[in-house]
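A.B. asks: We have chain U; now place chain S onto it with these hints.
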Amino acid sequence: MAAVMPVPAASRVLMSGNEAVARAVWEAGVKVAAAYPGTPSTEMLEVISSYPDLYAEWSVNEKVSLEVAIGAAYAGSRSFCCMKHVGMNVASDALMTLTLTGVVGGLVIAIADDVGLSSSQNEQDSRYWGRFAHVPVLEPADSQEAYAMTLYAYELSEKFQVPVILRMTTRINHVKSLVTVGERNEYVGAGFKKEPARFVMVPGNAGKRIPLMFARDIKLRELAETSELNFIEEGSDKRVGFIASGPAYMHVKESFPNAPVLKLGFSSPVPFEKCRELAAMVDLVVVVEEVEPLVETELKAQGIKVIGKEILPLQGELSPNVLKPAIARLLGEPVTETTALAPMQVFPRPPTMCVACPHLGVYYTLSQVRNLNISGDIGCYTLGAGHPWNALDTCVSMGASMGVALGMDKGRGEADKDKRIVAVIGDSTFLHMGMQGLLDMVYNKGNVTVLLLDNRAVGMTGGQNNPGNGYGIHGEEAPRVDFAKLVSALGVKDERIHVVNPYELPVLFKTIREEVKVPEVSVIITDQPCVLVKDYHKLKPFEVIDDKCTGCGNCIDVGCPAIHVTRRGKEVKPSGREVDLAFVRIETSVCTGCGLCVQPCAPKAIVHHVQTSPIQLVTKGGCAA
Amino acid sequence: MSENTNILVVGIGGQGVMTATEILAEAAIALGHDAKKTEVAGMAQRGGVVSSHLRFGQRVLSPQITPGTADVLLGFESAEAMRWQHMLKPGGITLMNTARLVPPVVELGLFDYPEDPLAEIRKSGNKVVAFDATTIAQNLGDIRLGNTVMLGAIADHLPFGAEVLLDCVLKRFQRKGEKLVKLNRQAFEAGRAAVGEAETAAA
Chain U
1 MAAVMPVPAA
11 SRVLMSGNEA
21 VARAVWEAGV
31 KVAAAYPGTP
41 STEMLEVISS
51 YPDLYAEWSV
61 NEKVSLEVAI
71 GAAYAGSRSF
81 CCMKHVGMNV
91 ASDALMTLTL
101 TGVVGGLVIA
111 IADDVGLSSS
121 QNEQDSRYWG
131 RFAHVPVLEP
141 ADSQEAYAMT
151 LYAYELSEKF
161 QVPVILRMTT
171 RINHVKSLVT
181 VGERNEYVGA
191 GFKKEPARFV
201 MVPGNAGKRI
211 PLMFARDIKL
221 RELAETSELN
231 FIEEGSDKRV
241 GFIASGPAYM
251 HVKESFPNAP
261 VLKLGFSSPV
271 PFEKCRELAA
281 MVDLVVVVEE
291 VEPLVETELK
301 AQGIKVIGKE
311 ILPLQGELSP
321 NVLKPAIARL
331 LGEPVTETTA
341 LAPMQVFPRP
351 PTMCVACPHL
361 GVYYTLSQVR
371 NLNISGDIGC
381 YTLGAGHPWN
391 ALDTCVSMGA
401 SMGVALGMDK
411 GRGEADKDKR
421 IVAVIGDSTF
431 LHMGMQGLLD
441 MVYNKGNVTV
451 LLLDNRAVGM
461 TGGQNNPGNG
471 YGIHGEEAPR
481 VDFAKLVSAL
491 GVKDERIHVV
501 NPYELPVLFK
511 TIREEVKVPE
521 VSVIITDQPC
531 VLVKDYHKLK
541 PFEVIDDKCT
551 GCGNCIDVGC
561 PAIHVTRRGK
571 EVKPSGREVD
581 LAFVRIETSV
591 CTGCGLCVQP
601 CAPKAIVHHV
611 QTSPIQLVTK
621 GGCAA
Chain S
1 MSENTNILVV
11 GIGGQGVMTA
21 TEILAEAAIA
31 LGHDAKKTEV
41 AGMAQRGGVV
51 SSHLRFGQRV
61 LSPQITPGTA
71 DVLLGFESAE
81 AMRWQHMLKP
91 GGITLMNTAR
101 LVPPVVELGL
111 FDYPEDPLAE
121 IRKSGNKVVA
131 FDATTIAQNL
141 GDIRLGNTVM
151 LGAIADHLPF
161 GAEVLLDCVL
171 KRFQRKGEKL
181 VKLNRQAFEA
191 GRAAVGEAET
201 AAA
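If you read the protein sequences in the order shown, they are chains U and S.
When the letters of the first sequence are read in order and numbered with my numbering, they come out as residues 1 to 625.
When the letters of the second sequence are read in order and numbered with my numbering, they come out as residues 1 to 203.
This is chain U alone, in the form it adopts within the complex (with noise of 0.2 angstroms):
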């Protein structure tokens, strides 16, 4: 993340469409900002809190983001909310009914959407919002784009007293480009004014402002018809035209640069003359979008003739790659091969919890407890699912651990009887979507085990705050929560909760394998912060004694990625059984002495690193600083 606060107006300045939104959200004199992390949406508001005059906050999840960001726009000031795809599922129910009271201040909502599923338990494509609420949606290209369209998106949603949808994708979020930029511009906000008929959404004062959405509808269409985000450049070939909005666009001109295309940048309510225009230009049109078939599906229902999935990929990112054979098939021309190798064989490298992870224990344990069924959710924690623990059987959505798993144990069939239950959950996403789920767990009397893995960040996008760290996003103090008070709160017995060092491997198995014996709702919660934070401390590093080591590799099984094997063996067992040995030894250059791996080791072969030479320990990635 760079803060690029200082740089003057009218720089030419490399920024990703992150960065580039929140300059824009700063220069348009937007005064309340607010978003739960998620990538690739995290950095917009990490930047935008970098800004001065303005305020940011995480929220605890999508839609009180939104809510937050209602408020304000309400309140007559421009305000500024965002989240990735799966955001906007948990953020819907607001947007449903803002769609209907409208907003004073411009209110700009950023969705950026996990093309291809880099970090993402599915993919969706958010423009259906735009059509499901009845809202513009602004689709840029590049990081100029997205910088200019945020600003456009400010006045049209004023214009028109609308929220704007400014639908990024992975790449617009986290591309860089060039972009210029300019001054900020103070918005002096109206003030609220009271107006319970627009603002109170009983059904008698809802059912009126729906016709008066449907009248924007038209408006805003005859709007995207003349608009200059949406453009034809004619081009020199006439066989093929494209209709292509977002990266998409830049695709279609590196493949065909002398094709007639259609940008769309105002891309819903789609501007259907302007389609029917291009369509008169050209034998035929191919629609390119990523990643549903959402404007194709409208031209067709309007008889305008177009080609679009039956020959483009109905997932992941399109290229010029992919582009290519797709239209010389379909113009029945020669498909040239591609000069590249194939690619060589080389062993997958999935991502894996960091050294010295406190959640490393807590997997390490659940996977030598038997007879559970484990029910887990979004964040680090999810890797638990790898290997070598396989100790994650689900995970669904952000906070969905709390509900399968009562589902799982309400719903057990004769073949898991015996079976016990837990649910795996984090901090964040406790507060996020967890505590209801929980709180349903209780009053339903489920017989669960929760393990509430509390590492006082958001870890997997990188560490950001939330009211279980006691930080703000400024890294400011602010209230903490205390989850045992809380999950206490939600009804769970007090001596069915429990605060356990995740790094005491003997307690954390005797609490979990007691726990799960208990037939009612028990809450274990780990407490030792992310080794990403500034809470974490550094302790001594540990070393192999080689000569000691047996093989056995119980070590390994932690997991942690600073144990390396040295060589492998076999040994026969009395009982004529053949092992398979390990033997191992620890980078000690970046061990932080957290003590995991020594405590499964039976010959003692894990002790102190006896520092020979001046060891530089490895804290983050990039150039010595």
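Hints were generated in silico from the structure; no laboratory data involved.
In this text the structure is predicted, and so the values were computed from the model without any measurement.
In this text, a Cβ means the ideal position worked out from N, Cα and C, and glycines have one as well.
A few of these clues could be false.
Quick list of simulated restraints, FRET-style, between CB atoms [to be verified]:
id, chain 1, residue 1, chain 2, residue 2, range
1, U, N501, S, E115, 39 to 47 angstroms
2, U, M213, S, R59, 54 to 62 angstroms
3, U, R480, S, G91, 54 to 62 angstroms
4, U, A385, S, A203, 46 to 54 angstroms
5, S, R59, U, T336, 20 to 28 angstroms
6, S, E115, U, G407, 43 to 51 angstroms
7, U, L330, S, G32, 33 to 41 angstroms
Pairs of lysine-lysine, BS3-like flavour, derived with a Cα cap of 30 angstroms [to be verified]:
id, chain 1, residue 1, chain 2, residue 2
8, S, K89, S, K127
9, U, K324, S, K89
10, U, K538, U, K570
11, U, K538, S, K89
12, S, K176, U, K534
13, U, K540, U, K485
14, U, K534, S, K179
15, U, K324, U, K274
16, S, K176, U, K540
17, U, K324, S, K127
18, U, K445, U, K419
19, U, K219, U, K300
20, S, K179, U, K538
21, S, K171, U, K534
22, S, K182, U, K534
23, U, K540, S, K171
24, U, K219, U, K194
25, U, K538, S, K182
C.D. replies: Then chain S, alone, in the frame of chain U:
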């Protein structure tokens, strides 16, 4: 738009791949080029694969490098350098750190680390220069100098002079004191020399 220069930088989370690519982009921009930089780094903080794309030229459209069109592959780790060979254009060159960073799935015995990634790359017929950037950085006193060593390594394989790139590297450290500027200058020159020597030895 074949006039664009395509540089692919690969490694694993935490090595400074993305920072190095950004500095390369800054150098291209300093010379008046248009540039786009993007990466596939889903959960790379957690030891996953990072591949960072840089394209520059008069005007860059798509941010991604199409397989088979990268001019230079800068590999921070040897198995990763091997993994991304298909991105290189015919006649493209790989500059690779010989360091082996072995992931847990290999330690667990589920997969094998390639015995000799360098030999595998050579077998494919692609041009490759290998050097030990990690040891160079360690000898200078800090493993984190590794990505400056890597930038030095690519310095003479760019369509512009090494000085511009060195300037961009050093600018990052100016506020952090003369000592770091000096160390990074040494790291850059050491990387540059290591590649030069490896090429001379191969010739």
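A.B. asks: The structure should be examined with respect to each hint, and the outcome stated for every one.
C.D. replies: Hints and how they fare:
1. U:N501 / S:E115: 39 to 47 angstroms: Since N501 of chain U and E115 of chain S have Cβ atoms about 42 angstroms apart, the given range 39 to 47 angstroms holds.
2. U:M213 / S:R59: 54 to 62 angstroms: violated, 41 angstroms
3. U:R480 / S:G91: 54 to 62 angstroms: The hinted range 54 to 62 angstroms holds for R480 of chain U and G91 of chain S, with Cβ atoms some 59 angstroms apart.
4. U:A385 / S:A203: 46 to 54 angstroms: holds, 50 angstroms
5. S:R59 / U:T336: 20 to 28 angstroms: holds, 23 angstroms
6. S:E115 / U:G407: 43 to 51 angstroms: holds, 48 angstroms
7. U:L330 / S:G32: 33 to 41 angstroms: holds, 38 angstroms
8. S:K89 / S:K127: Satisfied, since the Cα-Cα distance of roughly 11 angstroms is no more than 30 angstroms.
9. U:K324 / S:K89: holds, 18 angstroms
10. U:K538 / U:K570: violated, 36 angstroms
11. U:K538 / S:K89: Violated: K538 of chain U and K89 of chain S sit about 45 angstroms apart, past 30 angstroms.
12. S:K176 / U:K534: Distance of about 20 angstroms is within 30 angstroms: holds.
13. U:K540 / U:K485: Roughly 34 angstroms between the alpha carbons, so the hint for K540 of chain U and K485 of chain U is violated.
14. U:K534 / S:K179: holds, 25 angstroms
15. U:K324 / U:K274: holds, 25 angstroms
16. S:K176 / U:K540: Given that 30 angstroms is the threshold and the Cα spacing comes to 27 angstroms, the pair holds.
17. U:K324 / S:K127: Distance of about 28 angstroms is within 30 angstroms: holds.
18. U:K445 / U:K419: OK: K445 of chain U and K419 of chain U at ~17 angstroms, within 30 angstroms.
19. U:K219 / U:K300: holds, 22 angstroms
20. S:K179 / U:K538: holds, 25 angstroms
21. S:K171 / U:K534: Within the cut-off at roughly 27 angstroms; holds.
22. S:K182 / U:K534: Holds. K182 of chain S to K534 of chain U sits at ~28 angstroms (cutoff 30 angstroms).
23. U:K540 / S:K171: violated, 34 angstroms
24. U:K219 / U:K194: holds, 26 angstroms
25. U:K538 / S:K182: It holds: about 28 angstroms lies between the C-alpha atoms, which stays within 30 angstroms.
Comparing the model with each earlier hint shows violations of hints 2, 10, 11, 13 and 23; every other hint is respected.
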